[in-house]
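Letter by letter, the sequence shown follows residues 3 to 516 in the working numbering.
One thing to keep in mind: the hints can contain errors.
Said to hold, decoys possible - Here are the computed lysine-lysine pairs in the DSS-like style, where the Cα-Cα straight-line distance is at most 30 angstroms:
(1) Lys496 to Lys477
(2) Lys485 to Lys359
(3) Lys329 to Lys485
(4) Lys329 to Lys477
(5) Lys232 to Lys286
(6) Lys263 to Lys224
(7) Lys359 to Lys263
(8) Lys224 to Lys295
(9) Lys263 to Lys286
(10) Lys496 to Lys329
(11) Lys359 to Lys295
(12) Lys359 to Lys280
(13) Lys359 to Lys477
(14) Lys329 to Lys280
(15) Lys481 to Lys496
Because the hints were derived from the structure by calculation, they are not lab data.
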Amino acid sequence: GGASAPAQAAQQGDLRRARTRTPGSGFRGQGVAALGRVLNAALARTEGRLARACSNWTAEALQGFMSRVLEQRSPELNAVYDGAGDRRRLQRPSLEHYREHWGRVNGVVGRSPHLHKPLRDSHCRQAVMWWTHHLTEDARAAFRRAGETVPMLPEEEKPPCRASPDDEGEGALCLGVEQENSCDWCHSKQEERHLPGKHAPNALDARFVGPDDGNPHGWDRKRRCDQDYKDPPCGICEGVGGVAWSDRNEDIHLASCTPLKAPHEVDMATVAPPVYPKAFTSTKYKDVLIGRKQDPFCFKFFPENNSSGVECYRAEDGIAKYYDISKEAVRTDYNVKMNGAFGLFGNITSTVTHVGKYMWIINRLWLGVDMCICTDPGRDKCTQAPNCSSYVWHYNFAEDAQYLGRERIGVEWVGEMELDHFILWSHHMWTDPVSRRLVRLWKPWNGLQVYDPSGWSDTVADPSVFEAPPAACRKGGAKIRIKCDDDGHFHPGKEEGLHFLGSPGARGERSLVV
Numbered sequence: 003g004g005a006s007a008p009a010q011a012a013q014q015g016d017l018r019r020a021r022t023r024t025p026g027s028g029f030r031g032q033g034v035a036a037l038g039r040v041l042n043a044a045l046a047r048t049e050g051r052l053a054r055a056c057s058n059w060t061a062e063a064l065q066g067f068m069s070r071v072l073e074q075r076s077p078e079l080n081a082v083y084d085g086a087g088d089r090r091r092l093q094r095p096s097l098e099h100y101r102e103h104w105g106r107v108n109g110v111v112g113r114s115p116h117l118h119k120p121l122r123d124s125h126c127r128q129a130v131m132w133w134t135h136h137l138t139e140d141a142r143a144a145f146r147r148a149g150e151t152v153p154m155l156p157e158e159e160k161p162p163c164r165a166s167p168d169d170e171g172e173g174a175l176c177l178g179v180e181q182e183n184s185c186d187w188c189h190s191k192q193e194e195r196h197l198p199g200k201h202a203p204n205a206l207d208a209r210f211v212g213p214d215d216g217n218p219h220g221w222d223r224k225r226r227c228d229q230d231y232k233d234p235p236c237g238i239c240e241g242v243g244g245v246a247w248s249d250r251n252e253d254i255h256l257a258s259c260t261p262l263k264a265p266h267e268v269d270m271a272t273v274a275p276p277v278y279p280k281a282f283t284s285t286k287y288k289d290v291l292i293g294r295k296q297d298p299f300c301f302k303f304f305p306e307n308n309s310s311g312v313e314c315y316r317a318e319d320g321i322a323k324y325y326d327i328s329k330e331a332v333r334t335d336y337n338v339k340m341n342g343a344f345g346l347f348g349n350i351t352s353t354v355t356h357v358g359k360y361m362w363i364i365n366r367l368w369l370g371v372d373m374c375i376c377t378d379p380g381r382d383k384c385t386q387a388p389n390c391s392s393y394v395w396h397y398n399f400a401e402d403a404q405y406l407g408r409e410r411i412g413v414e415w416v417g418e419m420e421l422d423h424f425i426l427w428s429h430h431m432w433t434d435p436v437s438r439r440l441v442r443l444w445k446p447w448n449g450l451q452v453y454d455p456s457g458w459s460d461t462v463a464d465p466s467v468f469e470a471p472p473a474a475c476r477k478g479g480a481k482i483r484i485k486c487d488d489d490g491h492f493h494p495g496k497e498e499g500l501h502f503l504g505s506p507g508a509r510g511e512r513s514l515v516v
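Input sequences plus hints: build the corresponding full structure.
Written out as structure tokens, the structure reads:
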């Protein structure tokens, strides 16, 4: 069945809901599976016997349901989403465009049936979003009277979408299904970079209209300008960022920037590509790390693939940074300025070693107490969670970045330089035409990185810096070991030495790092 009457006009309640960007606490869940259970409970309350589990649908049946929804959708609601850059907005201009797209993916699934489940699950999520956010309450009531069956969400983590590297159709299908899993574009194994979903697609493609996460903090185009912004696209001296200390748009010291030359005015032979050496040591490195807040004091956080939530900001002085992609390894030694309750203890030194899919964080705390935290940073950040992997960034992750032009930019901790500006999705990078080195990188919800050109060396003199697991993380090493087994490997249920965290401030930390 379905509703055939003209689309219902949006009422004030519909519009008020559309303008509410953040779901209420009763409509949230930790992780995809938990969120599915929470929202399915809400669907069961409103739709009753008409709600049907995702597993009971085919992709083509879901496309039929979504067609009927689109025929009755409220243009007023989509106008709200479109005007705010909200991710709920429709990505294609008409039902006919969607039908053309579905025809293509159905053809792929016809010859590659293993892709039906990831496509169906993706359709279920899209269908529920459209039902909830693109119909007025009156339109939903009309559908209910007509006996329209409504899909529910999958109550499991997203299934992997495995495309053959030789099949463009499979690659395009999986790109659509897995677009949110953008960490893999840069943080898969180097040897997998050629595979679908393991490198960044072309953000200039008309299919991609940013901001992908709706820009929930309302950052302006100096602080954030993504490559898939379409109206207008990002230009020279946009998205430059700087030293930020909170999510408020004004809480940032933006880098000064003066446009010098547009791309067509630059001799491209003088432009250095934004590519790292395959191995290097940097002795003049600084950063401001930005990542999603997980505890009150921002002691433990990790950069995510979108800007939702509250972010943490921490300035760090690099003592040395080592990288070798042949070993899938990076290590950075830091002096870290502690804030809040931990400011009482002054600065700490920290060593972060990432080898393969695992990471070890060694903190030298107060009074000679050492701590090691063993982590699996990508564990819950892909379609196969909790069996995901996050590796060291590809040395050439930005080789296809778009060139925006040459600028005079005030480089933090270095000074004014004439640099070439590149953009890849939300990443901005600047290279020096004189030294032909990467100098500056900015991503609004991951951080600011600055490499003084005089601090580079294209080698790692002592390969033992990549010892993994580090000795401090093994039994008998650091006094405090969090999530480490006796051999220093990640173990989610292990902890040792927490009694050393005895001061009031440290007792607070005990609750932060486990």
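Output the indices of the hints that this structure fails to meet, ascending. 5, 7
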